[in-house]
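Add chain B to chain A, keeping to what the hints say.
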Amino acid sequence: MYRHSTASAQRTVAVMKRYDLIVVGAGPSGLSAATEAAESGMKVVVFDENSRPGGQLFKQIHKFFGSKEHHAKVRGFHIGEELLREAAAAGVEVELDAAVIGIYENKEITVRKAEHIEHLKGDTIIVATGASENMVPFEGWDLPGVIGAGAAQTMMNLHGVKPGQRILMLGSGNVGLVVSFQLLQAGCEVVALADAAPTIGGYGVHASKLARCGVPFYLSHTITKAEGSDRVTGAAISEVDDKFRPIKGTEEHFDVDTICIAVGLSPMSQLLKMSGCRMSDDPKRGGQVPDVDEYGETSVTGIFAAGDVSGIEEASSAMIEGRIAGARAALRMGFISAEEESARQKSFSADLAGLRRGMFAPGSKGRMPEKTEEGLDISVNLLTKGYLSDDEVTKYPGVVKKKGLHPVIECSQNIPCDPCQDACRFNCIKVGNDITLLPQVDMGSECTGCGMCVASCSGQAIFLVNEDYDDRSASVTLPYEFLPLPRTGDSGFARGRSGERLCTAEVIDVKTSPAYDKTNLLTIRVPKDMAMKARFYEPLPAREADA
Amino acid sequence: MNEVNDRSRDIGEFVPQADDDMIICRCEEITKGEIRRAVHDGMWTITEIRRFLRCGMGLCQGQTCARLVKDIAARECGVPYSSLEPATSRAPMRAAEMKILANEK
Numbered sequence: 001m002y003r004h005s006t007a008s009a010q011r012t013v014a015v016m017k018r019y020d021l022i023v024v025g026a027g028p029s030g031l032s033a034a035t036e037a038a039e040s041g042m043k044v045v046v047f048d049e050n051s052r053p054g055g056q057l058f059k060q061i062h063k064f065f066g067s068k069e070h071h072a073k074v075r076g077f078h079i080g081e082e083l084l085r086e087a088a089a090a091g092v093e094v095e096l097d098a099a100v101i102g103i104y105e106n107k108e109i110t111v112r113k114a115e116h117i118e119h120l121k122g123d124t125i126i127v128a129t130g131a132s133e134n135m136v137p138f139e140g141w142d143l144p145g146v147i148g149a150g151a152a153q154t155m156m157n158l159h160g161v162k163p164g165q166r167i168l169m170l171g172s173g174n175v176g177l178v179v180s181f182q183l184l185q186a187g188c189e190v191v192a193l194a195d196a197a198p199t200i201g202g203y204g205v206h207a208s209k210l211a212r213c214g215v216p217f218y219l220s221h222t223i224t225k226a227e228g229s230d231r232v233t234g235a236a237i238s239e240v241d242d243k244f245r246p247i248k249g250t251e252e253h254f255d256v257d258t259i260c261i262a263v264g265l266s267p268m269s270q271l272l273k274m275s276g277c278r279m280s281d282d283p284k285r286g287g288q289v290p291d292v293d294e295y296g297e298t299s300v301t302g303i304f305a306a307g308d309v310s311g312i313e314e315a316s317s318a319m320i321e322g323r324i325a326g327a328r329a330a331l332r333m334g335f336i337s338a339e340e341e342s343a344r345q346k347s348f349s350a351d352l353a354g355l356r357r358g359m360f361a362p363g364s365k366g367r368m369p370e371k372t373e374e375g376l377d378i379s380v381n382l383l384t385k386g387y388l389s390d391d392e393v394t395k396y397p398g399v400v401k402k403k404g405l406h407p408v409i410e411c412s413q414n415i416p417c418d419p420c421q422d423a424c425r426f427n428c429i430k431v432g433n434d435i436t437l438l439p440q441v442d443m444g445s446e447c448t449g450c451g452m453c454v455a456s457c458s459g460q461a462i463f464l465v466n467e468d469y470d471d472r473s474a475s476v477t478l479p480y481e482f483l484p485l486p487r488t489g490d491s492g493f494a495r496g497r498s499g500e501r502l503c504t505a506e507v508i509d510v511k512t513s514p515a516y517d518k519t520n521l522l523t524i525r526v527p528k529d530m531a532m533k534a535r536f537y538e539p540l541p542a543r544e545a546d547a
Numbered sequence: 548m549n550e551v552n553d554r555s556r557d558i559g560e561f562v563p564q565a566d567d568d569m570i571i572c573r574c575e576e577i578t579k580g581e582i583r584r585a586v587h588d589g590m591w592t593i594t595e596i597r598r599f600l601r602c603g604m605g606l607c608q609g610q611t612c613a614r615l616v617k618d619i620a621a622r623e624c625g626v627p628y629s630s631l632e633p634a635t636s637r638a639p640m641r642a643a644e645m646k647i648l649a650n651e652k
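Heads up: the protein sequence lines correspond to chains A and B, in order. Under our numbering, the first residue of the first sequence carries the number 1, and numbering increases by one thereafter. Under our numbering, the first residue of the second sequence carries the number 548, and numbering increases by one thereafter.
These aren't lab readings, by the way, just hints derived from the structure by calculation. Source: prediction; values computed, not measured. No residue lacks a Cβ here, since even glycine has one placed at the ideal position from N, Cα and C. There could be a bad hint or two in this list.
Said to hold, decoys possible - As a list, the in silico BS3-like pairs of lysine-lysine whose alpha-carbon atoms are at most 25 Å apart:
(1) A:Lys-121 - A:Lys-273
(2) B:Lys-652 - A:Lys-43
(3) A:Lys-248 - A:Lys-385
(4) A:Lys-113 - B:Lys-646
(5) A:Lys-17 - A:Lys-273
(6) A:Lys-225 - B:Lys-579
(7) A:Lys-528 - A:Lys-403
(8) A:Lys-395 - A:Lys-528
(9) A:Lys-113 - A:Lys-17
(10) A:Lys-401 - B:Lys-579
(11) A:Lys-113 - A:Lys-43
(12) A:Lys-248 - B:Lys-646
(13) A:Lys-273 - A:Lys-107
(14) A:Lys-113 - B:Lys-579
(15) B:Lys-579 - A:Lys-243
(16) A:Lys-162 - A:Lys-225
(17) A:Lys-511 - A:Lys-528
(18) B:Lys-652 - A:Lys-107
(19) A:Lys-68 - A:Lys-243
(20) B:Lys-579 - A:Lys-121
(21) A:Lys-17 - B:Lys-646
(22) A:Lys-511 - A:Lys-402
(23) A:Lys-346 - A:Lys-371
(24) A:Lys-17 - B:Lys-652
Said to hold, decoys possible - To be clear about the criterion: a stretch of chain A counts as covered by chain B if any three or more of its residues have a C-beta under 8 Å from a C-beta of chain B, and this derived list gives those stretches:
(25) 94-103
(26) 116-124
(27) 215-226
(28) 270-280
What the hints assert, rightly or not - Just a sample of chain A residues kept apart from chain B, beta carbon distances all over 10 Å, derived:
(29) Gln-165
(30) Gln-345
(31) Asn-381
(32) Lys-385
(33) Asp-470
Here chain B stands alone, though its shape is the one from the complex:
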């Protein structure tokens, strides 16, 4: 975990890649390039990336892209996949309309 938090590490410049415009988070339409760019802009944890880009915050709540985003971020940071902590899990665990959320019984 220390390695992940060590922000003095040099992860190099952002180098454009051929598949940067590939959509990774389909719900929020976030591309691979945007995620890689976010890492170089200083977002080194999944929580930060999620707040910055909203990937994993759409209808499926990251069910499809969580692994993919984590994989891209870990590669870009140069750390093992398992060392990146996944996003915080919070309620509502499934998408719910506000009128339902507000209607507690």
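Pulled out of the complex, with its shape left as it was, chain A reads as follows:
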């Protein structure tokens, strides 16, 4: 009996698979960590509970911010494809439909596969499980039709299904803003965007894209009720007081079939807690997070955390955090030398520092400064209504008046992003060495109208304006990411920054090019006095166009 059990125990030990590194989660940080480690010579496996790799990246159809090193102006899903190619080239094994359901002593893990549970051991483990969406309870919140913004994105961008026709979005952070725009692109109507906070939480440029499409912002408002008996048929929102309590008598009703919730994310850190890592409740990092050092290593030697699971940020920083943890794991296991590691870490931390700058940096969360780094007033209109007013916009260095064709850059917040600077071959646009500075237009340069700057701006904040198009009219070239694409000769309406109809507009040019990466350039002709006001084109409704 004794002999038998020993023999079987030995057999179990012999068959348990071992890896130099086990990564949990095949999102941006997990794949980056795995690639970094595998490139250093480690045997690496990545487990992901989903059937598709890439985490949230494959739902991100918008262009990312940052610098060239941070994949700026590349759409999220393209970044995901690139990460997968890199991981495959480095020899990383990626196992899908494989949920890591436990981490035990001595870095033993259990993985749930289709029909069985597998035990494995890793000499090091990087947990990159990301985050889950927060919910907010209100009357009727459990009705079908109340969904997370991430769920809406999955339905639209992965499965090609519209989540609904008429949407109320809750939450004005970047997730709420970006998903609202994608809902518009999918052909849904976003009837309102509400947030209990007094100011818009995400980038002003994202908000402006919505405002000029006519989406109204309701700041200092909260949802009080989802209406309907077996599904959402409407919603009510109320203004809130300074303690976020609904004010009686301010209720407003909307006919909607879908309520999207984008009120923040919580780190999915349960595996780390189970593995015995010291944890903290840190509201600034999004909730329960592991205590980690600058390399993402937890209090358990050899177990790392990277990406949102160690503090909510975004995909670009998650990728760098993954690289950092991957290099550290390689050092721990002796695959790279201390010198090699420190050289790599130096470059990663410089990259990370570049991203964690500006008004929306993790350190300044919730505290919007009153002035830009240039000393200009931050637009209150932008923070509360989602757009720069006509008189405010001229304050910013990218907004210039000039004879003939020239770019107008309506960029008014210091965020780490600079693709516009490289977009112009004639160096007409300058951000300077500090990536968070507002772009300036060089008055001496000639603009050829190539439109590369318009397409390169992830915030869709660059326009080409020619106030001298002819005697009576001006031309405005704007980024356009809606279908069907208008045709030259079409007429419709020009909309202002606030979404109001200004005047009729004629489409005089439509440009598409692989270099624009699906941001189409629409040039419209408007009366001269509308040159600095017209910022969006609204096609005539189908019926009017036929008539």
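Below, chain B alone, put in the same frame as chain A:
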């Protein structure tokens, strides 16, 4: 943490609220009122509430309601949200059928 464990504190009587019948844990169909009542019945930690009501023990394993339950419990106990320890994390971290759990390789 001491404040949380001090069971001699008076947290007052259970006062019914208008939204007590609002479901908080959707998997196990636990209402806000049931959670508040549990606190007044002596369940002052998330672990106790979870064992008593099963909230957070359904299909999603508390992915949706963990924060909400913690928020309600902290308010009812009169302690800061961050001072309440979250529920113990254990395997299986994701729901798994018994036939799979029992089939170890």
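Here is how each hint holds up against the structure:
1. A:Lys-121 - A:Lys-273: 18 Å, holds
2. B:Lys-652 - A:Lys-43: 21 Å, holds
3. A:Lys-248 - A:Lys-385: 23 Å, holds
4. A:Lys-113 - B:Lys-646: Holds, because 12 Å separates the two Cα atoms, which is no more than 25 Å.
5. A:Lys-17 - A:Lys-273: Cα-Cα ~24 Å, so holds.
6. A:Lys-225 - B:Lys-579: Holds, at roughly 16 Å.
7. A:Lys-528 - A:Lys-403: Answer holds: A:Lys-528 to A:Lys-403 is near 13 Å, not above 25 Å.
8. A:Lys-395 - A:Lys-528: At roughly 21 Å apart (the allowed maximum being 25 Å), A:Lys-528 and A:Lys-395 satisfy the hint.
9. A:Lys-113 - A:Lys-17: 15 Å, holds
10. A:Lys-401 - B:Lys-579: This hinted pair is violated, its Cα atoms lying about 59 Å apart.
11. A:Lys-113 - A:Lys-43: Cα-Cα ~21 Å, so holds.
12. A:Lys-248 - B:Lys-646: The hint is violated at about 54 Å.
13. A:Lys-273 - A:Lys-107: OK: A:Lys-273 and A:Lys-107 at ~13 Å, within 25 Å.
14. A:Lys-113 - B:Lys-579: It is violated: about 35 Å lies between the C-alpha atoms, which goes past 25 Å.
15. B:Lys-579 - A:Lys-243: 21 Å, holds
16. A:Lys-162 - A:Lys-225: Answer holds: A:Lys-162 to A:Lys-225 is near 23 Å, not above 25 Å.
17. A:Lys-511 - A:Lys-528: 22 Å, holds
18. B:Lys-652 - A:Lys-107: 17 Å, holds
19. A:Lys-68 - A:Lys-243: It is violated: about 42 Å lies between the C-alpha atoms, which goes past 25 Å.
20. B:Lys-579 - A:Lys-121: 42 Å, violated
21. A:Lys-17 - B:Lys-646: 22 Å, holds
22. A:Lys-511 - A:Lys-402: 23 Å, holds
23. A:Lys-346 - A:Lys-371: Since the Cα atoms of A:Lys-346 and A:Lys-371 sit roughly 32 Å apart, the hinted pair is violated (cutoff 25 Å).
24. A:Lys-17 - B:Lys-652: 10 Å, holds
25. 94-103: holds (count 4)
26. 116-124: holds (count 4)
27. 215-226: violated (count 0)
28. 270-280: That given contact holds, which follows from 4 residues of the stretch 270-280 of chain A lying within Cβ reach (below 8 Å) of chain B.
29. Gln-165: It holds; A:Gln-165 is separated from chain B by about 24 Å at its closest Cβ, greater than 10 Å.
30. Gln-345: The claim stands: A:Gln-345 keeps its Cβ more than 10 Å from every Cβ of chain B (closest is about 30 Å).
31. Asn-381: 33 Å, holds
32. Lys-385: 30 Å, holds
33. Asp-470: 59 Å, holds
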